[in-house]
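Colleague: Construct the complete structure from the given sequences, taking the supplied hints into account.
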Amino acid sequence: MDEKYFPEKIEEQWQQFWAETGAFEVESDKTRPKFYCLEMLPYPSGFLHMGHVRNYAIGDALAWQKRLQGYNVLHPIGWDSFGQPAEQAAIKRDIQPRDWTEENIAHMRGQFKRLGISFAWRREIAAHTPAYYKWDQWFFLQLLAKGLIYRKSAAVNWCPQEQTVLSNEQSSGGVCWRCGASVEKRDLEQWFIRTSDYAEQLLADMGEIEQGWPERVLTMQRNWIGKSAGAFVDFQIKDTDERVRVFTTRVDTIYGANAIVVAPDHPLLAKLLAESALKDDVEQFAARVRASRAAAGQQPGAEEAKEGVNTGLFAINPFSGEQMPVWAANYVLTEYGTGAVMSVPAHDERDFEFAQKYSLSIRRVIERISHEQEKIEHDPVNQDQSVAMPHAFTDYGILVNSGDWSGKLSADAMREMAAHAQAQGFGEPAVTYRLRDWGISRQRFWGAPIPIIYCASCGAVPVPEQDLPVLLPARAEFTGAGQSPLAGVAEFVNATCPKCHEPARRETDTMDTFVDSSWYFFRYCDPRNENAPFDKEVGAYWTPVDQYIGGIEHAVMHLLYTRCWTKMMRDIGLVAFNEPIKKLLTQGMVTNVVGETGEWKAMSKSAGNGVDPDEMIGIYGADAVRLFIMFAAPPDNELRWQETGIEGAVRFLRRVYNAVYRWRERLRNAPRAVPQEFGDSARALRRKTHQTIARITADFAELHFNTSIAALMELLNELGDAGIAPATATTADVFAVREALEALVLMLAPFTPHVAEEMWAGLGHEGGLLHSGARWPQAEQALARKEELEIPVQINGKLRARIRAVPATPEADLRAAALADDKVRSHIAGREIVKVIVVPDRLVNIVVR
RNA sequence: GCGAAAGUGGCGUAAUUGGCAGCCGCGCCAGACUUAGGAUCUGGUCCCGUAAGGGGUGGGGGUUCGAGUCCCCCCUUUCGCACCA
765 MDEKYFPEKI
775 EEQWQQFWAE
785 TGAFEVESDK
795 TRPKFYCLEM
805 LPYPSGFLHM
815 GHVRNYAIGD
825 ALAWQKRLQG
835 YNVLHPIGWD
845 SFGQPAEQAA
855 IKRDIQPRDW
865 TEENIAHMRG
875 QFKRLGISFA
885 WRREIAAHTP
895 AYYKWDQWFF
905 LQLLAKGLIY
915 RKSAAVNWCP
925 QEQTVLSNEQ
935 SSGGVCWRCG
945 ASVEKRDLEQ
955 WFIRTSDYAE
965 QLLADMGEIE
975 QGWPERVLTM
985 QRNWIGKSAG
995 AFVDFQIKDT
1005 DERVRVFTTR
1015 VDTIYGANAI
1025 VVAPDHPLLA
1035 KLLAESALKD
1045 DVEQFAARVR
1055 ASRAAAGQQP
1065 GAEEAKEGVN
1075 TGLFAINPFS
1085 GEQMPVWAAN
1095 YVLTEYGTGA
1105 VMSVPAHDER
1115 DFEFAQKYSL
1125 SIRRVIERIS
1135 HEQEKIEHDP
1145 VNQDQSVAMP
1155 HAFTDYGILV
1165 NSGDWSGKLS
1175 ADAMREMAAH
1185 AQAQGFGEPA
1195 VTYRLRDWGI
1205 SRQRFWGAPI
1215 PIIYCASCGA
1225 VPVPEQDLPV
1235 LLPARAEFTG
1245 AGQSPLAGVA
1255 EFVNATCPKC
1265 HEPARRETDT
1275 MDTFVDSSWY
1285 FFRYCDPRNE
1295 NAPFDKEVGA
1305 YWTPVDQYIG
1315 GIEHAVMHLL
1325 YTRCWTKMMR
1335 DIGLVAFNEP
1345 IKKLLTQGMV
1355 TNVVGETGEW
1365 KAMSKSAGNG
1375 VDPDEMIGIY
1385 GADAVRLFIM
1395 FAAPPDNELR
1405 WQETGIEGAV
1415 RFLRRVYNAV
1425 YRWRERLRNA
1435 PRAVPQEFGD
1445 SARALRRKTH
1455 QTIARITADF
1465 AELHFNTSIA
1475 ALMELLNELG
1485 DAGIAPATAT
1495 TADVFAVREA
1505 LEALVLMLAP
1515 FTPHVAEEMW
1525 AGLGHEGGLL
1535 HSGARWPQAE
1545 QALARKEELE
1555 IPVQINGKLR
1565 ARIRAVPATP
1575 EADLRAAALA
1585 DDKVRSHIAG
1595 REIVKVIVVP
1605 DRLVNIVVR
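Going by my numbering, the first residue of the first sequence is number 765, and it counts up by one from there.
Note that these hints are calculated values from the structure, not bench results.
Treat the hints with care, as some may be off.
[Said to hold, decoys possible] Within a straight-line C-alpha distance of at most 30 Å, the following computed DSS-like cross-link-like pairs (lysine-lysine) qualify:
#1 Lys794 with Lys1550
#2 Lys1550 with Lys1562
#3 Lys898 with Lys798
#4 Lys1550 with Lys798
#5 Lys1562 with Lys794
#6 Lys1346 with Lys794
Modeller: Have a look at this one:
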């Protein structure tokens, strides 16, 4: 330990020590309790920005604390699994995959090292992307055999910029999740995973994780899954054998239906209008709607005016036998429900708007009733049936004008009418979801190739397991022609059918990289396994993940996929639980002002408001940067980057370091036995020490790192205020000081591991924090307890005095002491005491009149 | 429009969950040591007031002995969803 604090020197020295001693390698001892901590992969584009630093600093703090608490900690890094190998980067075109050049990877390794993040380095994962692809492909085959993967032709989301298909989740809001381009629809034959089969479980199992996940994320997932209960009803098309199926949540309003409205591209139209004079009208309308959607660029908030066209067809209401026109309209969505609705203008705002525009009839079929009195309320305003009644009284209506169903309560009618439809064979009760199957085919030149061979006579044949992995070719040209770049590589495409051994074509699409990320952290438990994605027992020890940390941006992509994937792994017998992640922390963005605009935006290369962590580390040291980033705000808050604050972190570290340096000679030979007697200031210091330990231990469990650091600062201030000096300290004083300093250093280690190691050595310990028997300090309640309390005394709720009392003073004594206080007496003189409230150890409130 | 969360000093934040509002830090002010200070140390710093005292957690009402915290109405901000039938 030097007289002065030199961060660069200290940090370099301990980083080397950790590397040499393998300090963070994962132990094989499976009898110890485990802690699996993981950060979401950083999407590196060759450099880490402050958002990443925050992400990893949080994870490292937890990992350090758990190590000191005796846990077997897995805190891996293996980012290479997410991207494509470096040589692929060399052929990149205007569309950038991750910048996986050797140079960038080396740079990132350097950044992690300079930050001193305590990963278990999983080089074997990093180096073997092909091995990882093998297991992606293995999963593909397993799920295919289970019927959980299938191929179909469908209108899929297409990013014109990146020339690839995207899943619904990746094109949320109509824009590509990576490049922000507006997506288009294309009809393509693609591979899908049956995520919608798991919709109900994905909802139900939220109960298992709601304690550990932010409510916000669960809400977003719930909305995305979009469960909605109601009924299907089939309407016969007049003079044909065709039926059109609608979905409704309000089957009780069916007698109010005045039309069937279908999406402009509803398949029924093409089928039934072939001969019709109106065919062209409808087709033109459909084309216009498509064009206006594309032009609008899916701008959020841009709700189009309702527009439709009469198809000339008629549908028959299976309940009433009534005929009604069939319209095509732009407000009915192909992708939700059945793409067709029954229009009930009296009880639905959208249908009302539409009916008004095209002068369709409006009929009320629900009367408002008073919920309490259960009787019909005649509301004169709404007697006029041409006035729309918004469908606001979901359960509290009573049916009118509804044939035999009139007089029933809505809630009963909904249930009974759906059952009736089912019994009569023209419908059924139904639950629909917005969540749809996950399309995983991508036309990219990275990601695991889909292990399928197309044979003219045998069809789509899975690649036999022993032939895995199917590897990407070394080079592929990005053609921009809307095909996978792999399609142009003859030696890749040309294959032999595994069944009939005739020449065949290989599938040229690759899997969405979200497939990798759905299970990568399972592989980290057992990265060298050559017989399975991971060993079941090893997986059972390490997973589920105890703490996952990352940004909110994956709330409905990665985090939904990985939950679903885990359920599929359960169903093929790999894991025995439902949920892969026990606790999730969505850390806030690190923002910075963009140029002159005064706008706070996430730091990024493109916005030009990034702060280079390397530069900060160069000026202040990694410890100070990490300490500041953890101290400045709670982890889930947005963190507005203001550099001035770092100085405070440096000052604090210097003060701790100086304190250890000042005391280190005196501590060297001092006895470790607990002295019999302590002076006042030593007792006060010990009290603060143990209070601090208790507080920080609790804060860590809640991830309140900012308050933990504030508490450490308080403890250091207390040490300064205690008035104990090395030259004059008694043996007992020295004991108390050592206790305080050791606690301080140990609890600082999760935030500032380098200087903590240095100070731990300065306190006379050899071998580093993890190998010198260091343990997270234990709070002793008896020592933390105050000897004397200051009890506030209020009069009519206003603070008037304070009295001193020992803890656990009986109520009567507190009351007497309060009433005897001079200040209190002068305030209550001549007034009547109505009541005295005494909260033991807390407060006295005297109510006077 | 619908849904969720949040509004506390000049700033980032804290408050044992209904009990002394503002911990800790930044910034600022004053002082000490200095040839010097963008170093360090000490003290101060919610507002009004010389003081006694009074006011104060977006605004208004309520419950309570007591409200930043609970309830109702409004305002603002952020986030999510957005014709979901």
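Colleague: So if I understand the rule, the pair passes when the alpha-carbon distance is 30 Å or less; does Lys1550 with Lys798 pass?
Modeller: 36 Å, violated
Colleague: With a cut-off of 30 Å on the C-alpha distance, tell me whether Lys1346 and Lys794 pass.
Modeller: Holds - the C-alpha atoms of Lys794 and Lys1346 are around 20 Å apart, at most 30 Å.
Colleague: Below or equal to 30 Å on CA atoms is what counts here, so check Lys898 against Lys798.
Modeller: 28 Å, holds
Colleague: Straight-line Cα separation of Lys1562 and Lys794 no greater than 30 Å?
Modeller: It is violated: about 58 Å lies between the C-alpha atoms, which goes past 30 Å.
Colleague: Given the proposed pairing of Lys1550 with Lys1562, does the C-alpha separation stay at or below 30 Å?
Modeller: 25 Å, holds
Colleague: Would the hint linking Lys794 and Lys1550 be met if the CA-CA limit is 30 Å?
Modeller: 42 Å, violated
In this structure, the earlier hints numbered 1, 4, 5 are contradicted, and the remaining ones agree with it.
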